[in-house]
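Read in order, the letters of the sequence shown correspond to residues -17 to -1, 1 to 340 in mature numbering (1 follows the signal peptide of the UniProt record, and there is no 0).
Careful, some of the hints might be misleading.
Stated by the list, open to error - DSSO-like mimics (lysine-lysine), calculated; alpha carbons at most 27 Å apart, straight line: (1) K337 / K323; (2) K183 / K204; (3) K183 / K295; (4) K183 / K259; (5) K323 / K299; (6) K282 / K299; (7) K282 / K323; (8) K299 / K279; (9) K279 / K204; (10) K252 / K295; (11) K201 / K282.
In short, the hints are calculated from the structure, not lab data.
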Amino acid sequence: MLFKKLPLLLLVSFGAASPWHLREAEVSALFARQDETDPPSCSTSCDIDTCGGGTCSVAGLSLNSRSVDDLGVLLESLAFINVTRAYGNGKELHVDSRELSKRIWRFDPASNTPVGDTEPTTAEVDTYVPAVFNGREDTYFGSPLFLSAGDERAYSQQVEFGNRPFQIMTGGIHGCMTVMLVSNRAVWAAHFWESYSHGKPNLDTPATEPAFVDRVLKFIKGEEVKNAAPSTYKPYITPTGPAPNPDWFNGDNDETQLFISTPIADGQKLENPNAKLKYPTRVTAMESEFRRRIGKKPKAVRIPYMRLDYSKPAEKALENRSNRGMHLFQYDPDSDGKGKRSWRIFMEARYTVKNLS
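Start from the sequences and build out the full structure, keeping to the hints where you can.
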């Protein structure tokens, strides 16, 4: 895995309650850099009720950028696009099976030049990811599978790699955690709201705090919450989406990786390689729970980020218009036009690509 630091160019959403199992190298990475200090109290947590929270509440789905009449209908439909078989509430559904033309990995939706395993520049990420958000890759990948239901429940998508391309996306993240568990056979992705998961005032310890266990750890392990523990924030909401299917991530040749995008601590600078995370103890607990769930230790990759401060007009302007707060997973069974199966992840300006064949 190759890691690379580039200067940031200021341009510019998972549980066992609803078992969706969707059927359907080389690794490089970028790190964004920031010079701003941590945001003021207005944006020190990501929740529906705080400034900026309305965007994060629907995983960055801005209605003025993706025109729909009914957000609920859209979010339901996004769960069943670009797959061979889909399961919702235990029932098999008929889904789109249209033929798709070949294409290639690219960093510009208007380009037909293959990029292969090359790394994008930060400027390319700043333009490509918002373009995907605005539907510029929908013709091939289909509309992104989002990771939120319009409230603060844990929300997941799980897709097995096959002969259908697809993409999973979040946006407007400014304190929440986005998690992607990826093997050579499948991906499980989830979004965890900050205040809903940790409770006010958003403390890191202890990781055994009952509400955090109910809202995050039990979701990962696929355990039903029967008597939810009280929280200092809001009542428990039953999650949407499945827990990770161990059979898709614990094979000897799966090379499973766990990516956790999580905010840095208040007062920390992202360009500092020793910057502290805001929730290191709880991230460690999540990593341990994934290991227990799949029965094998995945390669854990922590991806720190500096939250957007929506109280600052300059940062608010970056929302869904740069890599800031954006997370994108894409799977392509024909990434080079010659049958190469690959997946790639954009977590803000950090990029990872892996070839499966």
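Against the structure, the hints:
Under the criterion of a C-alpha separation no larger than 27 Å, the hint pairing K337 with K323 is consistent with the structure, at around 10 Å. About 24 Å separates the Cα atoms of K183 and K204, which keeps this hinted pair within 27 Å; it holds. A hinted pair counts as satisfied when its Cα atoms are at most 27 Å apart, and K183 with K295 qualifies at roughly 23 Å. Restraint check for K183 and K259: satisfied, since their Cα atoms lie roughly 20 Å apart, inside the 27 Å limit.
Distance restraint check for K323 and K299: the Cα-Cα separation of roughly 38 Å exceeds the 27 Å cut-off, and the hinted pair is therefore not satisfied. Pair hint K282 plus K299 does not hold up; C-alpha atoms about 34 Å apart against a cutoff of 27 Å. A threshold of 27 Å between alpha carbons decides the hint, and for K282 with K323 the separation of about 23 Å falls inside it, so the pair holds. Simply put, K299 and K279 have alpha-carbon atoms about 41 Å apart, too far for the 27 Å limit, and the pair is violated.
About 13 Å separates the Cα atoms of K279 and K204, which keeps this hinted pair within 27 Å; it holds. For the suggested pair K252 and K295, the alpha carbons sit about 17 Å apart, so the restraint of at most 27 Å is met. For the suggested pair K201 and K282, the alpha carbons sit about 21 Å apart, so the restraint of at most 27 Å is met.
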